[in-house]
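Sequence lines, in order, name chains A and V.
Each residue of the first sequence is one higher than the last, beginning at 0 in numbering that gives the first Met the number 0.
Each residue of the second sequence is one higher than the last, beginning at 0 in numbering that gives the first Met the number 0.
Simulated from the structure, these hints should not be mistaken for lab results.
If you're wondering where the values come from, they're calculated on a predicted model, not measured in any experiment.
Heads up, a few of these hints could be off.
[As the list claims (entries may be wrong)] Below are the DSBU-like pairs computed for lysine-lysine, each with C-alpha atoms no more than 30 Å apart in a straight line:
| # | chain 1 | residue 1 | chain 2 | residue 2 |
| --- | --- | --- | --- | --- |
| 1 | V | K2 | A | K31 |
| 2 | V | K157 | V | K104 |
| 3 | V | K188 | V | K31 |
| 4 | V | K2 | A | K112 |
| 5 | V | K150 | V | K104 |
| 6 | V | K157 | A | K26 |
| 7 | A | K112 | A | K26 |
| 8 | A | K112 | A | K31 |
[What the hints assert, rightly or not] Which bits of chain A does chain V cover? Going by a derived footprint, with three or more residues having C-beta under 8 Å, they are:
| # | stretch |
| --- | --- |
| 9 | 10–23 |
| 10 | 29–42 |
| 11 | 51–62 |
Where a beta carbon is used, it is the ideal one built from N, C-alpha and C, also for glycine.
Each chain is listed here by its residues.
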Amino acid sequence: MTFLVDHIYYIGCFGLILIGMYIILAKSNLIKVIIGLSILDTGVNLLLIAIGYINGGTAPIFSRPGIEANGMVDPVPQALVLTAIVIGVAVLALALSLAIRLYRHYGTLNLRKIKGQKW
Amino acid sequence: MRKFLAIVLLLILAVGIAQSIGKIPFGTSKTKVGRYYIDNGVEETGATNIVTSVVVNYRGFDTLGEVTVLFVAALGLGAVLALKKKKQENDELERASLVLTSGCKFLFPFILLFGSYIFIHGHLTPGGGFQGGAVIASAFLLIYLGCRERKINENGAKAIESLSGLLFVVIGLIGLAVGGYFLLNYLPKGIPNTLFSAGIIPIIYIAIGFKVGAELTGIIDNLMEAED
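Excised from the complex, chain A in its bound form:
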């Protein structure tokens, strides 16, 4: 129980990652697979942010003179996630455009029905 309380954020993040992986593995509709990819991406980003958290921490911005540096959360994972979100959006856009092309070419989005697709 104490494990659950201490690591609730990690468990949530890995839950999202596992849900995304399950969707990618088990679903056959291409749009659903792309949604799974997006959920997985969100889980990874949340995990990175959760690892950088410090108890009672504030955002790493010196917006007022009185703010002390001690209580700030780690800025490095936030910068990493900023990069990762943009890359995730780029991959999502490209995957959606490929889905549009596939639908035009085959007339279906079911991955089992697309010819030459062993998956």
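Dock chain V against chain A, hints included.
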């Protein structure tokens, strides 16, 4: 069968993950690099937003790579969707209601203003080039959805995108010429917490804001044209 196999595989994975995350304590300070950035970031870069100083100054190469990834994705999306470009002028589009159309037109400049505010104040407040660019692209998405006959000038969007990307690289190359390494912060740092501070960071974020805004608008444009 397939779902059962997937669940078994994921259960094995979950047990392994549970073993490993039990070792990572939650809520304690873990890195020394982050501590260094917080302690010295304001003097070294002039930006009070430490995340901005990490993204644009300490790890500027990451941002350059990120901008490149977005550019390549937009280019690839255009190439994938542009092959079938007959584009009959579809006049049969159902017009939106007057309330929606006027509402979109009314909100458009405000959203543009707010997006510009976000990327100009990237070194002082939360946000920055990518966030501001996304807000600006959302304004264009509103116009695309609300007033369906409106179009952006594609060549203009491509020119803005390329020129602002070029501006980013040129600022970095000037750093190479002036002080010895790429993306050096060579402009005066100014007084922290004022608009004209932090050297090259605001200029780079303005370039990124324009670039991301134009790129996401181009992606929206391509995807809207793709529908049959």
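When the structure is checked against the list of hints, which entries are broken? Sort them ascending. Those not satisfied are hints 6 and 10.
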